[in-house]
Amino acid sequence: MASDTTAAAGGTSPGNGRPDPSARTALRRRRARGIAGTALSLALTLLGLLLVTFIIGRVMPIDPVLKVVGDRATQAQYDAAYQAMGLDKPLAIQFLNYIGDVVTGDFGRSISTGQLVWDDIRRVFPATFELATLGTLIGVLAGVPLGVIAAARRGGIVDQVARVVALVGYSMPIFWLGLMGLLIFYGILGWVGGPGRQGIIYDGMVPSVTGMILVDSALARDWAAFRDAFSHIILPASLLGYYSLAYISRMTRSFMLEQLSAEYVTTARVKGLSERAVIWGHAFRNISIPLVTVIALSFGSLLEGSVLTEIIFSWPGLGQYITRSLLSGDMNAVLGGTVVVGVCFVVLNLFSDILYRVLDPRAK
Amino acid sequence: MTNTMTRREWLLSDAPQTRRQARLGAFYQGWLTFRANKLAMLGLIILILLLGMAAFAPLLAPKSPFAQDLASRLQPPSAEHWLGTDALGRDILSRLIHGSRITLFIVGTVALIAPVIGLFIGTVAGFAGGWVDQVLMRITDIFLAFPKLILALAFVAALGPSIGNAVLALALTAWPPYARLARAETLTIRNADFIAAARLQGAGRARLLFRHIWPLCVSSLIVRVALDMAGIILSAAGLGFLGLGAQPPMPEWGAMISDGRTYILDFWWVAAMPGLAIFTVSMAFNLLGDGLRDVLDPKGGAK
Amino acid sequence: MTDAPLLSVRNLRVTFPTRQGLFQAVRGINFDLGRERLGVVGESGSGKSMTGRSVLGLIRPPGRVEADRMEFQGQSILNLPERRMRKIRGQRISMVMQDPKFSLNPVMTVGRQITEAYRLHRRVSRADAHAKALEMLRAVQIRDPERVMDSYPHEVSGGMGQRIMIAMMLAPDPEILIADEPTSALDVSVRNEVLSIMDNLVRDRGMGLIFISHDLNMVAQFCDRVLIMYAGRIVETLPARELHKARHPYTQGLLASLPRLDAPQDRLPVLTRQDSWRDGDPIAPHADTDLPGGLR
Ligand SMILES: Nc1ncnc2c1ncn2[C@@H]1O[C@H](COP(=O)(O)OP(=O)(O)OP(=O)(O)O)[C@@H](O)[C@H]1O
Ligand SMILES: [Mg+2]
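Residue numbers (the working numbering), protein chains in the order written: chain G, 1 to 364; chain W, 1001 to 1303; chain C, 2001 to 2296.
To be clear, the hints were calculated from the coordinates, so they are not data collected in a lab. Do not take every clue at face value.
Unchecked claim - Covered stretches of chain W (chain G as the covering partner; in silico rule of three or more C-beta atoms under 8 Å from a C-beta of chain G): (1) 1011-1024; (2) 1147-1153; (3) 1238-1245.
Unchecked claim - Residues from chain W shown here face chain G by an in silico Cβ test under 10 Å; the list is partial: (4) D1069; (5) L1070; (6) A1071; (7) A1158; (8) I1233; (9) S1282.
Even glycine gets a Cβ: it sits at the ideal position worked out from N, Cα and C.
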């Protein structure tokens, strides 16, 4: 128990460096753990997450009461608010109240938007989700084949290219690459839509069903709006996709190298199978299971990595929401957003864990 | 015989006469392996240049990093201003040169604090075992499970934006992998014979930990740190970009990109130059880390 | 068939580049294989596996295989292009590896792994392949083949795994089987069972068998002829019956360092290796030898 971890151990966020090699250890460890153990450890992680956000909320030098009642409040008003917010109770009770609030989706009211934080998050989350999903899709579709081929032809051209791609990915600040992308593809070439999710004329034209504009416009069969949304999302999504690709291709390559040196691969060759069948039919089949976890991790880190990307592209998503709130000292919103991203991480972990169990015959 | 030996032979000797010779010999072997890796050498050279640049910044910089000259604002690169000027007419090259000090300061302190926290927690957990181990590793896992950048953001937001708080936030989010690594190393060393021998000689727990276990964990931690440096630089730049790190008018590279963002379409160099600087330095750290890993941790390097 | 050998190898060399320069794992060996059981014995690292693998073209770059001749039924198979080598692998020359725990694909059912090999070489329907797989599993004396077909490798025991491996490799009816320490990962209790199953199948089909092993006793019981390898060379070739007549000090050393019930010794002697063994000429049966070393 002491040594288990959520798979986020292996996560990397764009602009945050290379993947943690302990990802593989984490993968191995989880094989040994029961589903109850997983659930318990995730529950504890969630609790820890709340504790940390709670503490951050406490140590903050900004007085939350003042934020609510305003500077000109009388002492009596101040005290009333102080009590209403439960700040006179012992810390442990306050923490329990906090947990209760979070569980019921009550993150308080955002000071800057005046809305309930929960409603704000519900509004901005689909934009981030859409972006991260497309980014992961790009990362998987390009990164997995790249990693497999790099491993199969170790030291060959593709391997070298994959190496450079990953090196650049691990060394380039994502926000800067985003700016340069805007400069070149929007400013100079004019191939893509600029910042934002939609051109002005399409704004609010498509009825919001899922909150994801690509999906909504496709549902509404409004292909002009779809094309416009696509031209806006493609650049930031490619950017996130590139970072995801760097990570996924490295992990795929190293998983694949491990498998290719396994004896069963020799067996497959002895049978007379073609190299392609050996690689995709045998070795790849073995890495596809841990790859699920890597992809889930990468998705999680894109949710997080969207913070900087969303700023660059004025993307009205969770990342932008958190940063804006942060700059205006709107702590309810910041902590609410942090908790939501944290919960996404935990859910992704749980999801990949379950998938692992379903897919791997040895886990039954 | 000995006097005919060249220094190189002495270093590479199969039968070192003294412990010092053995240690220097091992070091020299490592250096030879490292030197054979051209990219790693490139990384090392870039970093040495960076150190030199930071050390002699006032001498190297053609202008003051703070001197505003509104008459010549947003000038493109020219003989006068090699990398152009920013929105306040400050010389970008000079700002970059001075900014290297900030970058090195942030990276250096984080790379000092985080591994030490990790080393301490990891070795104590591994050495003590039992419930201490359980609790410490549980805490580590919680921090690992966190979205790092967002956690750092929340920390800085709570503590108030400043360069010191940025360092603190980065260190607080960067230590868990080191703790894991140190714990794993400790577990493998803990039951080794020489530890038992030291214990029989009456070495206390603290002495065992600091004199015997820590030194052995250090080499794998160094590799990890070298590989993480790039990530730390990027995170620090990210915080700077968001206005949560060094405050104006400090020439922090991330913040400089943020300054240039507004003018990106017309005056691209304002944002492009600091980005290139960040890219170069973090790539140098990545190359160096790869080279070090091949030397110090051959198992991992084979992959 | 005539007496022409199934496999004929002359001056086979296998080389790997390493940091210290070229490493010769096999240094010029000659042998012929008929429809017989040929044992290959030698200590760890003597190049037994590399010999077997080079016949199947399984030495991957940067490893290199060279030979003056390497013929399978009169046809050269030295460094054949992959495409043609694949026609030979599995279908005509096959191999059973050491440890079924690692040599079976962990995420594929046993049934799929067997039928895959068979269907590749005989273009038959799925149902026919299935039937053939069941037949092969029965032939290796697996009792409930239907259940085993649907199980994964981790669900079967080691002895069963190795029998599955044998079934899989023999399904396409190869002419040569290379068995690389097929029983060393198994429990002593099931070794003989697996061996006799393999022996029967090989004998029934009139195949050539190259049996690689550490175990001189086992090889002596089980093979017709024995090659003794040392440091990448063959130091001696002997009919298995005449093992006790071995001349080479290394072989004698191997023999003497086996515990024997009929002649108990206080201490088993330890082999002292001689450099001259590395490059001496191989010893044919009944030749005289004056190589130094051996037991001390
Ligand atoms: N890829 C390689 N690169 C370098 N040397 C290699 C490589 N593969 C094998 N060797 C070397 O070739 C030699 C012969 O190996 P081989 O596997 O044939 O030995 P073996 O006789 O089968 O030993 P064992 O009984 O342990 O299986 C060994 O010394 C091994 O170190
Ligand atoms: Mg072998």
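Name the hints, by number, that the structure is in violation of.
Result: hints 1, 4, 5 and 6 break, sorted rising.
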